[in-house]
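Visitor: 1364 is the number of the first residue of the sequence shown in the working numbering; add one for each residue after it.
Keep in mind the hints are simulated off the structure, nothing from the lab. Incorrect hints may have been included.
[Said to hold, decoys possible] Below, in silico cross-link-like pairs of lysine-lysine (DSS-like), each with a Cα-Cα straight-line distance of 30 Å or less:
(1) K1366 x K1413
(2) K1528 x K1491
(3) K1412 x K1367
(4) K1366 x K1528
(5) K1401 x K1412
(6) K1491 x K1367
(7) K1366 x K1412
No experiment lies behind these values; they were computed from the predicted model shown.
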Amino acid sequence: MQKKVIHGFHAVLARLRRMPDSVQEIYFSSERQDARMKDVLQLAEREGKKVHGMPADRLDGMTGHARHQGVAALIDAGRSYVALEDVLDDITEPPLLLVLDGVTDPHNLGACLRVADAMGAHAVIAPKDKSVGLTATVSKVACGAAEVLPYIMVTNLARTLRDLKDRGVWIAGTAAEGSTDLFHFGQTGALAWVLGAEGDGMRRLTRDLCDVLVSIPMFGSVESLNVSVASGIVLAESRRQRQMAVQA
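Input sequences plus hints: build the corresponding full structure.
Guide: Printed below as a string of structure tokens:
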């Protein structure tokens, strides 16, 4: 069993609702008895989970003094695994994927998962090297998205991108010097957006494997965007174009 502690109401509730079999035990601050806490405990009871009340300082230690909101859960992280092939085979619309190359900050990853889930992306993909895993901080920042949106870490990102191409998925990277801009790039087909970490950007091989490089128009004084903000912008435009195509 790959044990991991997640914390925060969104993360714990999402795990209980979507993957209850992976939840081992629930821990909560015995000093908190509000309606939100009662909802968590009632759901845990319905799912037959053990719950343990404890002083807040003990919960602080269990979660590494993170902002846990008074609740945490011990989960079997191994049950979160989903294969990319399974995701692609199960969806009923053209794939919309987010590929993160070199994102190592858990807050950035959590925010990327949150916006990807909000915009209906089918999975987030990252290489196992130079990437952050699904830590408790990631789950907390993602506000439940980490428990429902597949986060697929691959051994060889270049091979994965080639496999996606073979399945008809268009690979679009973001770059200031892109050959087209976001608002003139058609995005209604099978698409994987590739973004690198702020500063370093995509690795050279990843960049070379992109079918197209797309720039995000900038109308203010800033010259770059945080990777989670950039992810939200490109995925929102993809979803907008898809919705417009359906309504046309």
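Visitor: With reference to the structure, classify each hint as holding or not holding.
Guide: Evaluated hints:
{"no.": "1", "hint": "K1366 x K1413", "in the structure": "holds (16 Å)"}
{"no.": "2", "hint": "K1528 x K1491", "in the structure": "holds (20 Å)"}
{"no.": "3", "hint": "K1412 x K1367", "in the structure": "holds (16 Å)"}
{"no.": "4", "hint": "K1366 x K1528", "in the structure": "violated (35 Å)"}
{"no.": "5", "hint": "K1401 x K1412", "in the structure": "holds (14 Å)"}
{"no.": "6", "hint": "K1491 x K1367", "in the structure": "holds (18 Å)"}
{"no.": "7", "hint": "K1366 x K1412", "in the structure": "holds (16 Å)"}
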